[in-house]
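The listed protein sequences correspond, in order, to chains H and Z. For the record, in the first sequence the residue sitting at position 62 is 150 according to this note's numbering, with numbers rising by one throughout. For the record, in the second sequence the residue sitting at position 144 is 156 according to this note's numbering, with numbers rising by one throughout.
What the hints contain is simulated information worked out from the structure, not anything from laboratory work. We put the beta carbon where it would ideally sit given N, CA and C, even for glycine. Check the hints yourself; a few may be wrong.
[To be verified] What follows is a set of in silico ranges between Cβ atoms, one per label pair, in the way DEER data are often shown:
1) H:Thr-114 with Z:Cys-128: 17 to 23 Å
2) Z:Gly-47 with H:Ser-137: 16 to 22 Å
3) Z:Ala-50 with H:Asp-166: 41 to 47 Å
4) H:Pro-165 with Z:Glu-52: 37 to 43 Å
5) H:Pro-165 with Z:Gly-94: 41 to 47 Å
6) H:Ala-149 with Z:Gly-94: 30 to 36 Å
7) Z:Ala-50 with H:Ser-158: 44 to 50 Å
8) Z:Pro-86 with H:Pro-106: 29 to 35 Å
9) Z:Ala-124 with H:Ser-137: 36 to 42 Å
10) H:Ala-144 with Z:Gln-97: 30 to 36 Å
One-letter residues, chain by chain:
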Amino acid sequence: MNLFRAEEHARRWSQFTPRAEEGFITLADLAGFFGTESRRHMLDPDYLSMWYPRRAAERRAYLESIGKTSPFWMGTPDPPTS
Amino acid sequence: MADPKLMDRAFQRIMRSLVQTGRAPHYAELGRAMGLPAEEGRALLRDVMAAYPIGWLHPETDYIASFPPLNNLPTQYRITVGGEQRWFAQCGFEATSATWLFPGQTVRVDAACLDCGDPVTIEMRDGRITWADPPEVVGHLAFGFGASRGRSYYL
Chain H
89 MNLFRAEEHA
99 RRWSQFTPRA
109 EEGFITLADL
119 AGFFGTESRR
129 HMLDPDYLSM
139 WYPRRAAERR
149 AYLESIGKTS
159 PFWMGTPDPP
169 TS
Chain Z
13 MADPKLMDRA
23 FQRIMRSLVQ
33 TGRAPHYAEL
43 GRAMGLPAEE
53 GRALLRDVMA
63 AYPIGWLHPE
73 TDYIASFPPL
83 NNLPTQYRIT
93 VGGEQRWFAQ
103 CGFEATSATW
113 LFPGQTVRVD
123 AACLDCGDPV
133 TIEMRDGRIT
143 WADPPEVVGH
153 LAFGFGASRG
163 RSYYL
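Construct all of the structure, not just a fragment, from the sequences and the given hints.
Here it is as structure tokens:
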């Protein structure tokens, strides 16, 4: 999960693969993705027990809100190919 | 598994140590801070890491390597706050979350672009991006989330 100077820099990266073409995210969307509600409570005394467990659902909801619903982003298995 | 309240306290001790000093405590320090013998501190650390699996210990050790959004092991994502470059982010994505650990302060992220080595810089304050250089800075997920992708998505 990296930051690049621009998309064309990522495409020139030695580890870039064709599948990773769907891996781009704007800086604004990234800040939102990693700024969901639970992230704002990392210094709260009950973060681990109360806030961290909410993180996965928040991430899924945020990714859906920006249209990143593919298995690549949602972390779900790829559909079988026939 | 340790008592949840004790785990919450231990988590905060680790996170706040990272924020205040730039490094995570050793389990012996964690145990002492919790009023526990060192060996119980080690067990407590392992319980906390098991409950926070987005972080990890360095393989075959009890040293905290990663405790996101920050990293105890240096990465290319250098974090500067108040003019001090004391921290590292786990990855480029987690770097954008470090802002929530420093409320009311400007958090600067400096990295080298993996393609050309030229600088990538962003600044954030209370979750808002206040500066990006170049303005075209973009995030990139190389291998996809999930174990089925077969590669570490932190790369």
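Which hints, by number, does the structure contradict? Every hint satisfied by this model.
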